[in-house]
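J.: Residues per chain, in single letters:
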Amino acid sequence: MSARIRTTVATAALTAATLTLAACAGGEPEGDPGGETVITCATCQESPTDPFLQYNFEAATRFNEEYAGQYRIEMLNNANAGSSEDRLQYYQRLALADDLPDLFQLNSAEIAALSETGTLHDFTTELDAEPDWADSFQTGAFDALTGAEGQVWAIPQQRDPIGTYWNTEAWGSVGFETFPTTWDDFEVGAEALAQQGKLALALDGDWATMLTWTNLIGTQPGGVDFLKGEIGEGGDWSGNPAVVAATERLRGWHTAGYVNSDAFSGEFSNAAAAYLSTDAAAVPNGPWFVATNLQTDAAAPGLYDSTGYALSPGWDAGQGVIVVSGAGWVSGATDEASLEAVGAFMRFVTTAEEALTQAAETGANPAVVVPGAELASADLEPLSAGLVIAAAEAEFTYPHVRVFGPAGFGPAWKNLWPAYVNGEMDTSTFLSRLSADATAGA
Amino acid sequence: MTATTLRPATRSTSTVTPGRSVRRTRPIWATVVVYAFLAAVTLASLLPTVWVMSSAFKTASQINSGSGLLPSPWTLQGFVDAFTQIHLHAYIGNTVLYAVGGTTGALITAFLAAYPLARYSFRGRNALVATFSLALAIPLVGLATPLFFVVRSLEMFDSRLGLVIFYSALEFPFTFIVLRSFLLSLPGEIEEAAIMDGAGYLAIIRRIVVPLARPAIATVCVVAFVKIWNEFFFANLLTVSADNHNVQLALAGFKSQFGFNITGALAGATMVMLVPIGLFLILQRQVIAGLTAGAVK
Amino acid sequence: MARPAARPNRARAVPTTAPRIPRGMRGPVLISLLPAAVLFSVFFAVPLVVLVGTAFTDWSGTQMAFVGVDNFARLGADPVFAKVATNTVFYLAASVLVQVPLGVAVGIVLAMKVPGWRALRTVLFIPFVISGAAYALIFSMFYNPRFGLLNNLIAPLGLPQRDWLYETGTARWAIAGTFVFILGFVIVVTMAEITSIPAELYEAAEVDGATGWQQQTRITLPLLRNAIGTCVLIRLLADIGMFDLVFILTAGGPDDATATLALYAYRAYLHGEWGHANAVGLVILLLGGALIVTVRRVFRIGERDR
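Chains as they are written, first to last, in the working numbering: chain W, 16 to 457; chain B, 179 to 475; chain E, 65 to 370.
Some hints could be false.
To be verified - Which bits of chain B does chain E cover? Going by a derived footprint, with three or more residues having C-beta under 8 Å, they are:
(1) 210-220
(2) 237-246
(3) 443-457
These are computed hints drawn from the structure, not numbers from a lab. We put the beta carbon where it would ideally sit given N, CA and C, even for glycine.
I would like the entire structure built from these sequences, with the hints used as guidance.
T.: This is how it looks when you write it as structure tokens:
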């Protein structure tokens, strides 16, 4: 008994000591600003796994050096910086607490949702004051970032084509030296792969599944119009023939066994695992997939070398590609001094030099116009660079469903899609409920 | 009120119940049935956990292929990655701060309240005890939004100090009830001499009551520590920055990252689980006594 | 109230005549009650008042308007609310009908001091100190249809391979499967209660020629009424606010098949519909109160019968 108590007291003393240490270590470094304007950035943290965050971190560091004494960016550590699933909720809750960071990145659907609840800064004044700067952006770069009354909620960060990574050896074994260019061919190959006990496509019930759904819609006549407009207008999507056809075709692949059985959790890691273990022969994702997955230990040996990056197959009128132009820098700053610093950083990251650095590090295509020769010499990741060139040839170019879709799209999809594939509801019910729930959750 | 095991050592806790051990020779089939039942229950309770813990020593490709129950080859890479890539130490630091701070806060508050409410009679005493105890009966998730509102109004949202104070409050009712029932069971005359000598209130608590209450204090401390260590709901509700996240939020967030490091995540989860498990194994009697006494998880 | 006790009757050594506060100590006593009063008021009393008050309003966190019982009418009309309420009851039933009986059975067996009982009691208590978030990660692996252990184990038996967590038919059962085998608490409470049963009862039964099985069912089980009632009450109160596992594992899907009342309230909170969220919160609290009263009646907790 008493020995036990002694142990307990010793444990308590030890933990108390640890507390003191932790409390000291946890102290906020409140340096003396000394006339320096300090702004917070919630998407500028160092990250070994996310090249975009890593680039932001380095850019902010360079900015801090260049503007030392004048502006300084304080990098917040944000667990939701890179993952799209929880990101909106995170900022919505900060907005509820009236505590949005001065700088962070969002996609356009999230921007639309947040502009209603929070206090996002409108960049119109800055852009109007500097026409040269405004003209340096690619055509249409602001399309998805503009509000109903012409407000510019964000400064675009990238303009990324998103394709499909495919295992050349697996597809080669069923007679495809290049990735199928039509969905019919894709299904022929998928059937042959299934005979070998392999899966054609790795999906996750969320991001990767939506990418595929987007491709199936976007490569049909009228599909691009849906993805750029109708999807955000609050109507019932079950009446759109392109959407119905895409939805049913995608469901068919699940029931035919072309897709991994764990494709409903909403965790991209499930899709990644299926592809990286070579169980599945293709997975849709953006350029960051290379650094975060393909080149890690989780990938089967030699998989990077046998991986190709392709455009989306089409129905019969040509191939397509998703271009994510939606992501951009937004600001929750309200006071003059902070906004001045935010503006300075926005100009800094959109210089040609920084845009090229970002392209080299992330594989992302810049949002500002950069001379082709410079882009070619930037030594981009070969897989991504190849897609950027191929994307120019694509018949259809369209945004991801999340760009113009309602903000509640993700949770609604994740909730309903497994039940639909499982045969719990018909296509019309699924699409009606999806369009209703996605809007209600906004 | 319970806390039989928490009574001062007037009665040995290992009351040997006479004749309750195997009284008769059981037929062999009965023994087989009993152990088959126990084996099945043990497997159902622990197999998934043990399998995942052993997977923490596997390579990512072995996990993804689902082959083999045991690691082959063995690797400690996940345990390295848990710190170098997932930064588990930062979350552990926060959680230790919350658990130690919250436990300390709850202990001090509860002791200061439990002592007079157990040892002296005055008007309103019973009403106060009933009110404090009522808090244990409330399913607190129902109060999520008002709690968020209160915490935000006090500017304690997404703040480490705020969470420490909140956890002090969260563990207060349980700590209070267990401590008070213990103090009630102490003989009535312990403070008399000290009061005669004119000792002050705090001096009586510090020199006489606290030393006697050590077993109960140890019990509530370890239970509150484990409960705060494992807490997810309010950590999720009341913090947003990764800087302020505890280990449970880190666990929940592992899978949603694009560059999901499965071995690192499983190794991290294993280490996070081993803290309460280790505390339980070392201080088994206190944990069991505390949990059955307060009887709320 | 909820100070559920294995043996409420015997442990109550309340000094019936506690001394009055000595003169000169009134001040210190008041001061020492202050921190508790403040913490309790701020984090329990005020939120409770806010909850009850705003459950009848349309409140977004900034603007507020009184709407009477509209929030509750909306709950009644929402098929999703009916679904999450049913799910919550399903989880409560899983605890009461599986977890508690199984734990009591194991407790009785271990209390017979079968060889190895001490080690088994320790081992079976371990799941109780593992967090919900850790359990979520464990079971997301365990149930995974492609590389998870469950499908691998049942494949040789010829049982169907399923995506347990994301098929509407199995999702709820899969969630229940994560917690019904957490038996440690029930086992320990049961065993503690058994040690207080007088040995003479068994000796008398033995003389009368009762078998071991008869002794357990006719003596032990009825005398465990208080302990079982306590376990039922504790599990119900814990599970009525079930959130962590469902939130992390399935986010309530597929098609809300696993969502709970707590998750429903949390969604309303996230959408800024705080009045609506608090109406759900009030439902949870009232349901909790009703369960406490009912279980205490049914099990006659606190009453002596021997």
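J.: Does each hint hold? Answer for all of them.
T.: Right, here's what the structure says about each hint:
{"no.": "1", "hint": "210-220", "in the structure": "holds (count 6)"}
{"no.": "2", "hint": "237-246", "in the structure": "holds (count 4)"}
{"no.": "3", "hint": "443-457", "in the structure": "holds (count 8)"}
No hint from the list above goes unmet by this structure.
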